[in-house]
Amino acid sequence: MRPLFSETSVAAVRLIVAVTFSVATIFIDSRFDALTMVRQAIKTALWPVEQIAYLPGGVSSEFVTWVQSHDLITERLEVIALENERLRTEQLKLQTLRAENAELRRLLGVKERVNERLLQAQIERLSNDPFVHRVTINRGLLAGVTEGRPVISADGLVGQVVVAYPHAADVLLMTDATHQLPVQVTRTRERAIAVGVGRMDRVELRNLPDTVDIVPGDLLETSGLGDRFQPGIPVAEVKEVIRAPGQPFARVIAAPLTPMARLSLVMVDLAEGES
Amino acid sequence: MIFLVTWLVTLLLIAFPYPAWLTLALPHFGFLFVTWWGLMRNYQLSMTLLLISSLPVDVLYGTTLGLHGLLFALIAYALTLLGPSVRQVNWVRQSVVIFVVLLIASAVSYWARTLTGQSPEFFILVLQAFVSALLWSPLRWLYDSLADYAQGLRTQRQ
Numbered sequence: 004m005r006p007l008f009s010e011t012s013v014a015a016v017r018l019i020v021a022v023t024f025s026v027a028t029i030f031i032d033s034r035f036d037a038l039t040m041v042r043q044a045i046k047t048a049l050w051p052v053e054q055i056a057y058l059p060g061g062v063s064s065e066f067v068t069w070v071q072s073h074d075l076i077t078e079r080l081e082v083i084a085l086e087n088e089r090l091r092t093e094q095l096k097l098q099t100l101r102a103e104n105a106e107l108r109r110l111l112g113v114k115e116r117v118n119e120r121l122l123q124a125q126i127e128r129l130s131n132d133p134f135v136h137r138v139t140i141n142r143g144l145l146a147g148v149t150e151g152r153p154v155i156s157a158d159g160l161v162g163q164v165v166v167a168y169p170h171a172a173d174v175l176l177m178t179d180a181t182h183q184l185p186v187q188v189t190r191t192r193e194r195a196i197a198v199g200v201g202r203m204d205r206v207e208l209r210n211l212p213d214t215v216d217i218v219p220g221d222l223l224e225t226s227g228l229g230d231r232f233q234p235g236i237p238v239a240e241v242k243e244v245i246r247a248p249g250q251p252f253a254r255v256i257a258a259p260l261t262p263m264a265r266l267s268l269v270m271v272d273l274a275e276g277e278s
Numbered sequence: 011m012i013f014l015v016t017w018l019v020t021l022l023l024i025a026f027p028y029p030a031w032l033t034l035a036l037p038h039f040g041f042l043f044v045t046w047w048g049l050m051r052n053y054q055l056s057m058t059l060l061l062i063s064s065l066p067v068d069v070l071y072g073t074t075l076g077l078h079g080l081l082f083a084l085i086a087y088a089l090t091l092l093g094p095s096v097r098q099v100n101w102v103r104q105s106v107v108i109f110v111v112l113l114i115a116s117a118v119s120y121w122a123r124t125l126t127g128q129s130p131e132f133f134i135l136v137l138q139a140f141v142s143a144l145l146w147s148p149l150r151w152l153y154d155s156l157a158d159y160a161q162g163l164r165t166q167r168q
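Residue numbers (our numbering), protein chains in the order written: chain Y, 4 to 278; chain H, 11 to 168.
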């Protein structure tokens, strides 16, 4: 006769308890966002492990730099010096434009926008989960990075900080399936929401009127709605407008301007909350 | 001691900054860690320890807290039941059984992720389960070596 409390039934009870605990944790974390402190504590405790994991990559890049010949470095320096000259000239033009812009804003009675305070950060790792588009940057609470800060690159918007730890921060890329971003078409000022679809090379605008004036090649930028991103940050370029016959809504597919898979350096906008 | 060593190595394998193009071809090191414990050392495995050890895995992968706890518990339970018969067969058959178990875990993962707002593609989860099953043999060797090393250290101390 089979015993009432066999080893299998004990294991099953343990499984039921574990599953219940896990499902409750999933529910609390996803619905109430109440476990951020736990996440921060775990990430802080994992900091030494992560530093050890980054060590081989760091050593190999140092080695590559050391191996690079003197000529190559000189050549690169020349290119950088030329680029620096060009950027300095551009900056002069920018200063003139800023002054003009400030004067126009003053005439129109619009409040002056606070200058950006950008903090450079390096991407340490991408999430290894193919469905989670998150990256970890090497700046955190100690450098002034807090939750909700926009993250941009030289090409355009990257995403926003979702969890800040003392020495690092998790950035949710705008291509993540859970990310939604208020945008506008630069040409027509048509507003929409750019939704990530879980692909690094794509965001979508959904439920747009069938008659919407968007064509492939249009640029999308942040609209400033939602008070998280300042307006005018380049986001994506429209690749395809799908108008299905008989359907009331059009769907727009756009490619992010920032190459998400090849990111290494980003900027965290620290002044956003002060504007 | 053995649990701590194998767990730390698993965390290192997960935290390693792999290039973006490799993401789809990576095994799930967390699953392989639980597979090893479920198959080889299930008599020493504590469910509480397993749940606690799954939280850093969630943080490293950036998934909802609790997701890996659920999957680890299911894998450990399934392999604890199958353990005695699976341990006796060759590595190819072991990999096939592990693939099936990980496939079921992937289906649960797909369901949980869909509920939490992600839009996963099932074939990528299947691919991950396949790669994990394929790499079971070398990972098993790694964990066996680590366990022997940890055991040796403990014996030396005593």
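Each hint should be verified, as a subset may be incorrect.
From chain Y, some residues computed to sit far from chain H (all C-beta separations above 10 Å) [stated by the list, open to error]:
no. : residue
1   : Thr28
2   : Asp32
3   : Ser33
4   : Ala48
5   : Leu85
6   : Pro133
7   : Glu224
8   : Gly249
Partial selection, computed: residues in chain H whose CB lies under 10 Å from chain Y [said to hold, decoys possible]:
no. : residue
9   : Ala25
10  : Phe26
11  : Phe39
12  : His78
13  : Trp151
It should be emphasised that the hints constitute simulated quantities derived from the structure, not laboratory data. Quick caveat: nothing in here was measured; it's all calculated off a predicted structure. Quick reminder that beta carbons are idealized off the backbone N, C-alpha and C, glycines included.
Open item on the list: Hint by hint, where does the structure go against what was stated? Just the numbers, ascending.
Closed with: Of the numbered hints given earlier, those the structure breaks are 1, 2, 3, 4, 6, 13, listed in rising order.
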